[in-house]
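One letter stands for each residue in the lines below.
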Amino acid sequence: MTDRQMTIARQFIEAIPHARALGMELTAVGEGHAAISMPYDEKLIGDPATRVIHGGAVSALMDTCAGAAVMSHPENAGDTATIDLRIDYMRAAVPGQTIRARADCYHVTRTVAFVRAVAMDDDDDNPVAAATGAFTFSRTEAAT
Amino acid sequence: MKREGPEPVHQIKHRRDGALRALIDAVPYIQTLGIGFDRRGDELTAVLSYSEMLVGNPMLPAIHGGATAAFLEVTAIIELGWSMIWEDVESGRLEPEAMTRGELPRLPKTIDFTVDYLRSGLPRDAYARARVNRSGRRYASVHVEAWQDNRSRLFAQATGHFLMPTRDE
Chain A
19 MTDRQMTIAR QFIEAIPHAR ALGMELTAVG EGHAAISMPY DEKLIGDPAT
69 RVIHGGAVSA LMDTCAGAAV MSHPENAGDT ATIDLRIDYM RAAVPGQTIR
119 ARADCYHVTR TVAFVRAVAM DDDDDNPVAA ATGAFTFSRT EAAT
Chain B
423 MKREGPEPVH QIKHRRDGAL RALIDAVPYI QTLGIGFDRR GDELTAVLSY
473 SEMLVGNPML PAIHGGATAA FLEVTAIIEL GWSMIWEDVE SGRLEPEAMT
523 RGELPRLPKT IDFTVDYLRS GLPRDAYARA RVNRSGRRYA SVHVEAWQDN
573 RSRLFAQATG HFLMPTRDE
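Going down the list, the sequences are from chains A and B. Just add 18 to the spot in the first sequence (first one is 1) and you have the numbering used here. Just add 422 to the spot in the second sequence (first one is 1) and you have the numbering used here.
Keep in mind that the hints were calculated from the coordinates and are not lab data. Predicted model, so just to flag it, every value in this text is computed and none were measured. Even for Gly, the Cβ is constructed at its ideal location relative to N, Cα and C. Among the clues, some could well be false.
Stated by the list, open to error - To be clear about the criterion: a stretch of chain B counts as covered by chain A if any three or more of its residues have a C-beta under 8 Å from a C-beta of chain A, and this derived list gives those stretches:
| no. | region |
| --- | --- |
| 1 | 444–450 |
| 2 | 477–483 |
| 3 | 511–520 |
| 4 | 537–550 |
Said to hold, decoys possible - Among the chain A residues that face chain B by a calculated CB cut under 10 Å, a handful are:
| no. | residue |
| --- | --- |
| 5 | Ile34 |
| 6 | Pro35 |
| 7 | Ala75 |
| 8 | Gly85 |
| 9 | Arg104 |
| 10 | Ile105 |
| 11 | Ala110 |
| 12 | Pro113 |
| 13 | Gly114 |
| 14 | Thr127 |
| 15 | Arg128 |
| 16 | Val130 |
Claimed, not checked - Derived CB-CB ranges, DEER-like:
| no. | chain 1 | residue 1 | chain 2 | residue 2 | range |
| --- | --- | --- | --- | --- | --- |
| 17 | B | Pro430 | A | Pro57 | 31 to 39 Å |
| 18 | B | Leu482 | A | Thr68 | 31 to 39 Å |
| 19 | A | Tyr124 | B | Asp571 | 34 to 42 Å |
Whole structure, please, built from the sequences with the hints as guidance.
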């Protein structure tokens, strides 16, 4: 990322209190793609017996990452909101490891953006979770 | 022959509220989000107390979609966990004191979770109730509804599938 992109990325997260509270960091964004990481933290634990983080925290990460991908789409003219989000949890995230999410806004209409996202821990070959979502979208006039 | 009287009300409340508190207090993420549970008999209502850290869009402001999703998922898991332990709590096989010491049942694991966002979450408290539509030996299907001002005007709903813990786990 360029310095300017880094600044925008940092400001994006800082402007979202919930993303900041969960310790999210935007690591890449642009052209309908985004990547956000969320370091392991005890306050995110959902299962006291295994110390695995709560599925809800992974949902929040995926939703933020998907939203960032939509916002960064070249044809995006405004704000976005989640219409629906489905998350599949493939396995428990390993306690202590950072969760990294990647989202791809793969199709937009005048009013809707469709997004796929995936979440990983240190094992790149076995995703922790996958998500698909639909988001509100307003396409720039020039693009229609 | 003298019949045994009904169990004193304070004893019933102590047992049920103690068990519920032990179940909830064990999960750090529930405290992080500021979720509490109201209980009427076995019926639970989850309460998400509004705070600034829940905000996703500061311009409106609106509750973050991820915080809403997490609120619904917590509600579904606690409802399932609660329905799982209810009989053991009532029969005395599971004691609140032992639960507080860490003798907790394993919680169900989320397989998938789908959230419908119907309205933006306003900067105020939110409530949710979950209904277990099916709970088998292995899998459970749960529906959750969340609202703010009016019970009939939902701001989000969700359906999730869960893997039930095995008894000997």
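Here is what the structure says about each hint:
Interface restraint, the region 444–450 of chain B with chain A: holds (3 residues with C-beta to C-beta distance below 8 Å; minimum three). As drawn, the region 477–483 of chain B meets chain A at 5 residues by the rule of a beta-carbon pair under 8 Å; at three or more, the given contact holds. Counting residues of the region 511–520 of chain B whose beta carbon lies closer than 8 Å to any beta carbon of chain A gives 0, which falls below the threshold of three, so the coverage claim is violated. Counting residues of the region 537–550 of chain B whose C-beta lies closer than 8 Å to any C-beta of chain A gives 4; at least three are required, and the coverage claim holds.
At a threshold of 10 Å, the smallest CB-CB gap from Ile34 of chain A to chain B is about 6 Å, leaving the interface hint in force. Below 10 Å, beta-carbon pairs count as interface contacts, and Pro35 of chain A has one with chain B at about 4 Å; its hint therefore holds. Contact between Ala75 of chain A and chain B, as hinted, is supported at the beta carbon level, the nearest pair being about 6 Å apart and thus within 10 Å. Of the supplied interface hints, the one on Gly85 of chain A holds, with its beta-carbon coming within about 7 Å of a beta-carbon of chain B, less than 10 Å.
Checking Arg104 of chain A against chain B: minimum C-beta separation of about 4 Å stays under 10 Å; hint holds. Proximity of Ile105 of chain A to chain B holds as hinted, the smallest CB-CB distance being about 5 Å (cut-off 10 Å). Taking 10 Å as the C-beta cut-off, the interface hint given for Ala110 of chain A holds, the closest approach to chain B being about 8 Å. Given the 10 Å rule on beta carbons, the hint for Pro113 of chain A is violated: about 12 Å separates it from the nearest Cβ of chain B.
Look at Gly114 of chain A: its Cβ only gets to about 15 Å from chain B, farther than 10 Å, so that hint breaks. With its C-beta approaching chain B no nearer than about 18 Å, Thr127 of chain A sits outside the 10 Å limit, and its interface hint is violated. At about 19 Å, the closest approach between the beta carbon of Arg128 of chain A and any beta carbon in chain B exceeds 10 Å, and the interface hint on this residue is violated. Among the interface hints, the one on Val130 of chain A is violated; its C-beta lies about 13 Å from the nearest C-beta in chain B, farther than the 10 Å criterion.
Between Pro430 of chain B and Pro57 of chain A, the C-beta spacing of about 49 Å breaks the proposed range 31 to 39 Å. At about 37 Å, the CB distance of Leu482 of chain B to Thr68 of chain A agrees with the hint of 31 to 39 Å. Between Tyr124 of chain A and Asp571 of chain B the CB atoms are about 36 Å apart, so this pair conforms to the stated range of 34 to 42 Å.
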